[in-house]
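Asks: In case you want the letters, here they are:
Protein chains: 2
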Amino acid sequence: MGTAQVTEALKRPSQKSAEAIMGIVHPIINDVRQNGDKALLSYTHKFEKATSLTSPAIDVSFENIRKFHEAQKEEPLKVETMPGVICSRFSRPIERVGLYVPGGTAVLPSTALMLGVPAMVAGCQKIVLASPPRSDGSITPEIVYVAHKVGAESIVLAGGAQAVAALAYGTESVTKVDKIYGPGNQFVTAGKMYVSNDTNAGVGIDMPAGPSEVLVIADSEANPAFVASDLLSQAEHGVDSQVVLIAIDLDEQQLQAIEDELHKQAMALPRVDIVRGAISHSVTIQVKDIDEAMVISNDYAPEHLILQLKDAEKVVDKVMNAGSVFIGQWTPESVGDYSAGVNHSLPTYGYAKQYSGVNLGSFLKHITSSNLTADGLRNVGSAVMQLAKVEELEAHRRAVEIRLSSMDGK
Amino acid sequence: MGTAQVTEALKRPSQKSAEAIMGIVHPIINDVRQNGDKALLSYTHKFEKATSLTSPAIDVSFENIRKFHEAQKEEPLKVETMPGVICSRFSRPIERVGLYVPGGTAVLPSTALMLGVPAMVAGCQKIVLASPPRSDGSITPEIVYVAHKVGAESIVLAGGAQAVAALAYGTESVTKVDKIYGPGNQFVTAGKMYVSNDTNAGVGIDMPAGPSEVLVIADSEANPAFVASDLLSQAEHGVDSQVVLIAIDLDEQQLQAIEDELHKQAMALPRVDIVRGAISHSVTIQVKDIDEAMVISNDYAPEHLILQLKDAEKVVDKVMNAGSVFIGQWTPESVGDYSAGVNHSLPTYGYAKQYSGVNLGSFLKHITSSNLTADGLRNVGSAVMQLAKVEELEAHRRAVEIRLSSMDGK
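Protein chains in written order, with numbering that gives the first Met the number 0: chain E, 0 to 409; chain D, 0 to 409.
Derived by calculation from the structure, the hints in this document are not laboratory data. Hints are supplied without guarantee of correctness; some may be wrong.
Copies of the same chain are indistinguishable here, so a pair counts whether it falls within one copy or spans any two.
To be verified - Computed list of lysine-lysine pairs in BS3-like fashion (alpha-carbon distance at most 30 Å, straight line):
1) Lys72 - Lys317
2) Lys125 - Lys263
3) Lys72 - Lys313
4) Lys66 - Lys148
5) Lys77 - Lys66
6) Lys287 - Lys175
7) Lys313 - Lys388
8) Lys66 - Lys317
9) Lys10 - Lys309
10) Lys125 - Lys287
11) Lys72 - Lys148
12) Lys388 - Lys263
Hey, can you work out the whole structure from these sequences and the hints?
Replies: What follows is the structure, encoded as structure tokens:
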């Protein structure tokens, strides 16, 4: 394939018109904003009688995610940039956070873990979950269990744009939050976008969301069955999932072996229809060497990058754009999706070029400070006054001058 | 004042309707996107014959900002969350960044410094500045000098939404960037918001922008002349600037002393009309003690927080929401605006509750990786498989199972 063909093959499926969806979402948000709980038709779930479930699988995952995010804590930074000029940086938790966990037919306790654990580690004071209830009005016990473990204040039993609006503006029973996290369908995404642009809401969001995707780079040492199983893991997420294989210098027989495994394993899956849909617009690109593969991968900026390669660890140095990397034959994507410790809330749709996945920092903000001694102000004062003069901000200049005069007893 | 009165007094001036501005900005962006340079009416400025200016004030500021942002670099993180399960986190520079420097009547080399230096320290490959030219078509030499020093690729001589569109989509002569930074008027802000919501642009922005603001907390030890000079520094930014003073247990005489200084110093300023406008809707709030002051300040979440207090350094522990803090009598805001080393691109309009100011991390993204040994997969595998089962993602479960079977020689 030529460069233009590769670019064409890797074009992500076009997103539905943002304006059409906004037209639906806008009145929903206004309704919740004005009419609160009545519009939300929700109630908050209290934990007292929530669940007696215990899940060792959740406990193991919780602990690994906690450890990895705990290690991301930073000490305050202090730098004396000039004698007597001390600049510092420290972090503070975002006070109130809203975590959206998709529900309905799907059951996603892993999303509750991936958002709730870092919020807990960061020290956020109020953690509010929102998740659409099941048809009987209840919520998956695994999600309630996670909410318990992370110390959430409540679970808002609602989904869609109305849940996002409740978190952004607050209602009688839902706490207004400072930032909203989590994946969701196009209405959730449009709702998050809308409230993050409304200065009256005063709310941030984690990142833009698009369909999930994987790019697997395999060489002749890769086990065809493992490669196929990773491609299928991604494919089962939905028909709009993107599945890309870059094959490094594989011959016909090796490519066929992967293809054969793909069909054999797909036939055994319960979601075979979804898998077939995703596989049908998956892409295989053949390249000569790892450098060629990495140019394509870095340009595509995959959410998940799987390296089934000889010396895979060394190749990480060449990774410039990706959400999360899975190294070597014993690291399927699913370990990162659930339990290894890394976060699974990752940038999609090429946004790995400028966004990080959810991490401890997503629940903190950095604040800086300056503290000058009298000598410090003497040292830096003339630079400040000269620049203030260039910018014609005379009061800025005088705020320094008046202090220097005071030191000199004038 | 009661709580409700304080809240009312500290209400930020309402922003113009986002929809009205979007109506103007939308066609401009589409025009540039479709017609490139022709619509942009711009050209890029090459550096060869740019300037022979040297500015010691810029050199000093550059070096302090460089030092403070250099110190923000992180080592890669590696955590073994379970035996054989190794999770890592490392950072990569955002490849192409666009820095918007307001111009026209204002001359803002400091903005070029505050955005350009961290981009350079982060190792961004392409740094593109955009700034509206002066009436003779040229650009302020100080900005050209900064562009030189940070290794910028070019300066796009254009402003407003059209400059933002050129950076977001690229034109024949302007490099498309991955993220756009910098302050600007309402059209620049609306343009940044628009392109950050367009998945076809694939571009991020630094943060939402609103009018600049300062909150000064002063006690009886504060020098009235210094307090007044800091309030005036903020006021001269524009009539929509927010200027708030919290006075801790000051008597009538002390308050009057600040008031008198304010008027005396204001009369001497060239921008006296702007200053008067801002001062006219400034607010003074009297409180009993520092705790009461900090509740108000943290709720307001000021862009700039100035502590003119006894033991000001200790009070920093109580700061939960603020862009940047200025500690003690020898630290006027203007040192941070220009030369101390801290960044002056800070969250306004209460967004300090969830956003950090521009820092080194604004020019990087974090990527995680997992690397499991065979034993690692054995250790974590059952948790992964159990959660995949709960979520009914069978291919995820099998991606682990097929590997465990292979280890056991099945």
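Asks: If you check each hint against the structure, which ones fail?
Replies: Hints 2, 7 not satisfied by this model.
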